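Engineer: One letter stands for each residue in the lines below.
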Amino acid sequence: MHKPEIAITRERLLAAREMVLNMGPQHPSTHGVLRVILKLDGETVIDLDCDIGYLHRGVEKICENRTYVHIEPYFDRLDYVAAVSNDLCYVETVEKIAGIEVPEKAKYIRVILTELQRIASHLLWLGTHAMDIGAVTIFLYAFREREEILKIFENYFGARLTANAFRIGGLQYDIYDGFEEQVRAFCRILPERLKEYETILNENRIWLQRTVGIGILTAEEAKDLGVTGPVLRASGVKWDIRKAFPYEVYDQVEFEIPVGENGDTYDRYLVRMEEMRQSRLIILQCLDKLKKLHPGPVLGKVPKVIRPPVGEVYHSIESPKGELGIYLVSNGTAFPERLRIRPPSLINLQALKKMAIGHLVADVVALIGSIDIVLGEVDR
Amino acid sequence: MELFWTIWNHPIVSEYVVRRLPTIVIVLFVILTVAAYLVYAERKVSAFIQARLGPMRVGPYGLLQPLADALKLLSKEDIIPARAERSIFVIAPMISVVASLVVLAVIPFGPGRATITDVNIGVLFILAVSSVGVLGIILGGWASNSKYPLLGALRSSAQMVSYEVAIALALVGPLMFAKTLSMVGLIEAQMTDGVWYVLYQPVAFLIFLVGGLAETNRAPFDLPEAESEIVAGYHTEYSGFRWALYFVAEYTNIVISAAIAATVFLGGWHFPGLTRLAEPGTGLYALLAVLIFAVKVFAIVYCFIWFRWTFPRYRYDQLMSLGWKWLIPAALANILVTGAVLVLAQHLGLVETVRTEAGERLVSLWPWGKLFLIAASLLIGVPIVWILLAVINRRSADFNLRVQRQIRLPERGEEEIFAEV
Amino acid sequence: MAEPRRTWKQVLSRFLLLDLIKGLLVTFKYQAPKHCYTEQYPLVRPKVAERFRGAPRLNLDPETGESLCIACNLCAIACPEDLITVVEAVREYVDHEGKTKKKRVLVDYTYDTSRCMFCGHCQDVCPTYAIELTQEFELAIYRRKDFVWSWEMLEKGIEQPIYTR
Amino acid sequence: MEEKKDKPTPKGASATKAPPTLPIVELTGDPILNRLRARFPTAVLEAVTVLGMPTLTIAREQIVDVCRFLRDDEEAQFDFLTDLTARHIPEAEKPFQVIYHLYSFPRNVRWRLKVNLAEGEACPSVVSVWSAANWMEREAYDLVGVRFEGHPDLRRLLLPEDWEGHPLRKDYPLEFRYNRWCEKHLNMIAFREGTEYSGRFE
Numbered sequence: 287m288h289k290p291e292i293a294i295t296r297e298r299l300l301a302a303r304e305m306v307l308n309m310g311p312q313h314p315s316t317h318g319v320l321r322v323i324l325k326l327d328g329e330t331v332i333d334l335d336c337d338i339g340y341l342h343r344g345v346e347k348i349c350e351n352r353t354y355v356h357i358e359p360y361f362d363r364l365d366y367v368a369a370v371s372n373d374l375c376y377v378e379t380v381e382k383i384a385g386i387e388v389p390e391k392a393k394y395i396r397v398i399l400t401e402l403q404r405i406a407s408h409l410l411w412l413g414t415h416a417m418d419i420g421a422v423t424i425f426l427y428a429f430r431e432r433e434e435i436l437k438i439f440e441n442y443f444g445a446r447l448t449a450n451a452f453r454i455g456g457l458q459y460d461i462y463d464g465f466e467e468q469v470r471a472f473c474r475i476l477p478e479r480l481k482e483y484e485t486i487l488n489e490n491r492i493w494l495q496r497t498v499g500i501g502i503l504t505a506e507e508a509k510d511l512g513v514t515g516p517v518l519r520a521s522g523v524k525w526d527i528r529k530a531f532p533y534e535v536y537d538q539v540e541f542e543i544p545v546g547e548n549g550d551t552y553d554r555y556l557v558r559m560e561e562m563r564q565s566r567l568i569i570l571q572c573l574d575k576l577k578k579l580h581p582g583p584v585l586g587k588v589p590k591v592i593r594p595p596v597g598e599v600y601h602s603i604e605s606p607k608g609e610l611g612i613y614l615v616s617n618g619t620a621f622p623e624r625l626r627i628r629p630p631s632l633i634n635l636q637a638l639k640k641m642a643i644g645h646l647v648a649d650v651v652a653l654i655g656s657i658d659i660v661l662g663e664v665d666r
Numbered sequence: 425m426e427l428f429w430t431i432w433n434h435p436i437v438s439e440y441v442v443r444r445l446p447t448i449v450i451v452l453f454v455i456l457t458v459a460a461y462l463v464y465a466e467r468k469v470s471a472f473i474q475a476r477l478g479p480m481r482v483g484p485y486g487l488l489q490p491l492a493d494a495l496k497l498l499s500k501e502d503i504i505p506a507r508a509e510r511s512i513f514v515i516a517p518m519i520s521v522v523a524s525l526v527v528l529a530v531i532p533f534g535p536g537r538a539t540i541t542d543v544n545i546g547v548l549f550i551l552a553v554s555s556v557g558v559l560g561i562i563l564g565g566w567a568s569n570s571k572y573p574l575l576g577a578l579r580s581s582a583q584m585v586s587y588e589v590a591i592a593l594a595l596v597g598p599l600m601f602a603k604t605l606s607m608v609g610l611i612e613a614q615m616t617d618g619v620w621y622v623l624y625q626p627v628a629f630l631i632f633l634v635g636g637l638a639e640t641n642r643a644p645f646d647l648p649e650a651e652s653e654i655v656a657g658y659h660t661e662y663s664g665f666r667w668a669l670y671f672v673a674e675y676t677n678i679v680i681s682a683a684i685a686a687t688v689f690l691g692g693w694h695f696p697g698l699t700r701l702a703e704p705g706t707g708l709y710a711l712l713a714v715l716i717f718a719v720k721v722f723a724i725v726y727c728f729i730w731f732r733w734t735f736p737r738y739r740y741d742q743l744m745s746l747g748w749k750w751l752i753p754a755a756l757a758n759i760l761v762t763g764a765v766l767v768l769a770q771h772l773g774l775v776e777t778v779r780t781e782a783g784e785r786l787v788s789l790w791p792w793g794k795l796f797l798i799a800a801s802l803l804i805g806v807p808i809v810w811i812l813l814a815v816i817n818r819r820s821a822d823f824n825l826r827v828q829r830q831i832r833l834p835e836r837g838e839e840e841i842f843a844e845v
Numbered sequence: 007m008a009e010p011r012r013t014w015k016q017v018l019s020r021f022l023l024l025d026l027i028k029g030l031l032v033t034f035k036y037q038a039p040k041h042c043y044t045e046q047y048p049l050v051r052p053k054v055a056e057r058f059r060g061a062p063r064l065n066l067d068p069e070t071g072e073s074l075c076i077a078c079n080l081c082a083i084a085c086p087e088d089l090i091t092v093v094e095a096v097r098e099y100v101d102h103e104g105k106t107k108k109k110r111v112l113v114d115y116t117y118d119t120s121r122c123m124f125c126g127h128c129q130d131v132c133p134t135y136a137i138e139l140t141q142e143f144e145l146a147i148y149r150r151k152d153f154v155w156s157w158e159m160l161e162k163g164i165e166q167p168i169y170t171r
Numbered sequence: 087m088e089e090k091k092d093k094p095t096p097k098g099a100s101a102t103k104a105p106p107t108l109p110i111v112e113l114t115g116d117p118i119l120n121r122l123r124a125r126f127p128t129a130v131l132e133a134v135t136v137l138g139m140p141t142l143t144i145a146r147e148q149i150v151d152v153c154r155f156l157r158d159d160e161e162a163q164f165d166f167l168t169d170l171t172a173r174h175i176p177e178a179e180k181p182f183q184v185i186y187h188l189y190s191f192p193r194n195v196r197w198r199l200k201v202n203l204a205e206g207e208a209c210p211s212v213v214s215v216w217s218a219a220n221w222m223e224r225e226a227y228d229l230v231g232v233r234f235e236g237h238p239d240l241r242r243l244l245l246p247e248d249w250e251g252h253p254l255r256k257d258y259p260l261e262f263r264y265n266r267w268c269e270k271h272l273n274m275i276a277f278r279e280g281t282e283y284s285g286r287f288e
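Keeping their order, the protein sequence lines are chains A, B, C and D. Each residue of the first sequence is one higher than the one before, counting from 287 in the working numbering. Each residue of the second sequence is one higher than the one before, counting from 425 in the working numbering. Each residue of the third sequence is one higher than the one before, counting from 7 in the working numbering. Each residue of the fourth sequence is one higher than the one before, counting from 87 in the working numbering.
Read the hints as simulated data drawn from the structure, not as lab findings. Among these hints, one or two may not hold up.
As the list claims (entries may be wrong) - As a list, the in silico DSBU-like pairs of lysine-lysine whose alpha-carbon atoms are at most 35 Å apart: (1) D:LYS256 to A:LYS639; (2) A:LYS578 to A:LYS529; (3) A:LYS587 to C:LYS109; (4) D:LYS256 to A:LYS587.
As the list claims (entries may be wrong) - Label-pair restraints from in silico Cβ distances: (5) C:ASN79 to A:GLU387: 27 to 33 Å; (6) C:THR140 to A:GLU387: 31 to 37 Å; (7) A:GLU478 to B:GLY705: 53 to 59 Å; (8) D:ARG123 to A:GLU433: 55 to 61 Å; (9) B:PRO696 to C:LEU18: 29 to 35 Å; (10) A:GLU433 to D:THR114: 51 to 57 Å; (11) A:GLU433 to D:VAL111: 47 to 53 Å; (12) B:ALA506 to C:ASN79: 54 to 60 Å; (13) B:ARG700 to A:GLU433: 52 to 58 Å; (14) C:VAL111 to A:GLU387: 36 to 42 Å.
Predicted model only: the values in this text are computed from it and were never measured. Even glycine gets a Cβ: it sits at the ideal position worked out from N, Cα and C.
Could you build all of it, start to finish, from the sequences and the hints given here?
Structural biologist: Below, the structure is given as structure tokens:
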């Protein structure tokens, strides 16, 4: 574990201008077990170090000792607020290396569910981020909308959070009766609810004071730090894997990539709010197309034991947090040789130091929220 | 025994102890119950705001929840951190709670016996005693020997000191109308004049409300105990009944804050037409007066709760700049404008001074005097204060947050996209 | 980047605290009881989806009352956590034609719910729909060793607590 | 692991017949590769394409220069380090491999670079090229045990500082391994055989 550089003796404590503050791992707003060691001058952050790994489970090691089918549930537990996106990434990677075809209908259903998961994840982000800044009520409003999505998930997958969503080669289940109506009903209420959140927050002078100009990350810095996802887009880089390397059916739907200008906390907030609206558009388009495909297979031809050919593949998707990539090395057996997960949260978290230095303690909390990390994914 | 009765019957003792004792006991009991039920109210109101139900399990609609909470807190283990400064750690919450309870002595809950005592420097007394409460918070934060409480204590000391100035200055305006420092006198002045001072002093009322929120550590100014930043602030290391003492102090302070606002700006127990319903001096009158006062207090307390569950939290430096750059200049400007308006009104003969047995009272003449004062406060006072603040803060960062930025997307409606599909 | 000049409308709305009041109105509106979203859980049991994966159960043949499990061990193989143990034995029996045949029968079956992640792989692979993850979701137990469900418990199901208040 | 006998073993019976391999195509004629080869004649040891992804094996000594070249070259423009990881291949001559995934925003192209390392060899750090490599290299050091030369702050990232061993090596067992860190920090009590875990704090 990290040892603070200042040995705390009484004399030094009295002489020192700085104070070392241990934020976390048990802290209300570090989103899990993140430990941030802050060096403070008054309340101004002059140095910062993240200590992570409290939730390390060795998923990569576990994956090397499980068959390809067995690995899937473990992916739910990486980014547990966006389990469906993780599953999609894993399943696609295996399909890519093993050359398994997925039926068209399954692809549309996958996109609908993944985009619902993106909305759910962003809603959770909105709630916790607003709560970090002090607007507690938004948290419960956002959770109420998220609950609607989780109900759809429960009906479809049979689980609300760790869904074990997809199967290699397609889907486990076809859509249930009333799926379309339920999703459409959610899509109907979402815009007005988002409008309400924006009424409370967008123009609120306190919210503006707390977010505008906080933790500015320029486009160059963001690229250099490997930041992806909404954080990168808020810095003004128009890049989304759904457009850059379209997977599933993202090349057949229309949507815009919201891009910020200043790269501060407020822009990240705006980008994510707009992304939810765009996800909703994607869902509605997919539902229209799904109607034409409806009676149809959802699972392609999959061998009993999946033994992908020897080789390696890197595949990534745009998860709600950023670029979630999997680098998979196969040795021809039913077990992967090496499975590396590129966790967006971990690499985005690197940027925290760059953002936070010079700001106050309260801003560090806002910044951790605005990066949108999930410790299950950071620590794996 | 005889000595006891001698003391008991001594005029000073009988005046200041015996006669007041029942009121003191009733007020303490009521206020502590109210503080406990304020927690319940807070939980319920916040729950309704957040589309929840709130406490429902203990008693019908969770009405016994405060009792259960109190029992739980009483029976909890009493923990004092190993490296804490034991004696101060123990004393600190007591200072807080005593300071807030002592203020109750001069709060005019109702006419006659319903008020514990009417001190002729009531407002000063309140300002003086309530600042002692900060001491409890600072000492508690320091004695915990922990970093988060220390940060919370520092924040609260800075916050309370700066907002107390704003509050005191905001109270000067109404005092200029009332010409008295006594709390009962303030109510009587508003009764004689017939107009609540909130109409004459809207700026001061706003400043007092904001300052009161900050003074009682309520969101959006709850920095000393900002849970997402510094865990629980000054009472991080407290638990059990010591923590409950802080809690009682906090909620009592809310009641007191609201009571002062109701007294000074909303006419206390005065309500137009009250004297027609009941003869002054009767029991019914006193009861109605207390009820009216309670309604006013709870309206303000409700606003406090409502604000808390709507707004995000200020940052430390923004809080300071709000206090020093906005509220204090505004309060000072308000005093000047009020003074000028009053002098002008006297010159125009719109107000006259009435001598009553309690002292001099300023009465504005109906209708032009009242209309002039109200219009002057709104049309002269508010713009002058606003222009002054705009000039002072024209370079500050938060004033220049003029934008509501938008994500720029190509102008395409939903209909267009679906037309293509 | 130059900030845009603000309009008189914005100045006025800031002056009149409209930005704050708009937010207050939203929260005020939600106090109406019709917006309440809470489920009174122990009193009102939520309706769980049909596909929900909860407590495991070993199904019985509704006609004969015998276990549907044929001790094929597929669930144990499919389980990523290796928490199912199937103990099988080969028994000889005489069928209706009088021939002596060998049959695999189930001797013991345990299921460790403390390690289960309810992925549903076991019920997916089961050829006879014997193992099933049911809609029961209250799995809390006082003693750690009771998390390992025996064959009998899997068939009977966990005893559900009934909450009165 | 006894119950696992029915599962296919990692290197078991099926290893006798060689499993199929993904088609590996020699990468030729790529303009950037040509520029790279012209600039660093000895750097590129192997250049192939696997599933459409150009994969280059780079000499250890020149990886930082190659990376800087790829980032700054006006035709390559690999301005983004997507991923950096390491791999342990015990049977190989050089048992460690560091794998870089580069991405170019302007050209929308991904490349994979590899560096093979012998036992005990350190890999030059690319933190000076992309700051993103900082934590990724720390993680590779932590889990696989590859040392990075010139890294500003090479500490373990996920595991405790005084942990023994590197878990993603193939010789690191999957089961719990007793080490000094556990003894020191976890306050472990040896349970006797047959102890009942009641799960209660009695």
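Engineer: Determine for every hint whether it applies to the structure shown.
Structural biologist: Going through the hints against the structure:
1. Simply put, LYS256 of chain D and LYS639 of chain A have alpha-carbon atoms about 34 Å apart, close enough for the 35 Å limit, and the pair holds.
2. Between LYS578 of chain A and LYS529 of chain A the CA atoms are separated by roughly 24 Å; this keeps the pair inside 35 Å, and the hint holds.
3. With a C-alpha separation of about 33 Å, the suggested pair LYS587 of chain A and LYS109 of chain C falls inside the 35 Å cut-off, and the hint holds.
4. For the hint linking LYS256 of chain D to LYS587 of chain A, the alpha-carbon distance of about 33 Å falls within 35 Å, and the restraint holds.
5. Taken as a hint, the range 27 to 33 Å holds for the pair ASN79 of chain C and GLU387 of chain A, whose Cβ atoms sit roughly 31 Å apart.
6. Distance hint check for THR140 of chain C and GLU387 of chain A: the Cβ-Cβ separation is about 34 Å, which falls inside the suggested range of 31 to 37 Å.
7. Take GLU478 of chain A and GLY705 of chain B: their Cβ atoms lie about 56 Å apart, and the range 53 to 59 Å holds.
8. Range check, ARG123 of chain D to GLU433 of chain A: about 58 Å between beta-carbon atoms, so the 55 to 61 Å window is met.
9. One distance hint, 29 to 35 Å for the beta-carbon pair PRO696 of chain B and LEU18 of chain C, holds here, with the actual separation near 33 Å.
10. Against the hinted window of 51 to 57 Å, the Cβ-Cβ separation of GLU433 of chain A and THR114 of chain D comes to about 56 Å, which satisfies the hint.
11. Restraint check, GLU433 of chain A to VAL111 of chain D: a C-beta distance of roughly 50 Å satisfies the suggested window 47 to 53 Å.
12. Judged by the Cβ atoms, the range 54 to 60 Å given for ALA506 of chain B and ASN79 of chain C holds: they are separated by roughly 56 Å.
13. For the pair ARG700 of chain B and GLU433 of chain A, the supplied restraint of 52 to 58 Å holds, since their beta-carbon distance comes to about 54 Å.
14. At roughly 41 Å, the beta-carbon separation of VAL111 of chain C and GLU387 of chain A lies within the given 36 to 42 Å, and the hint holds.
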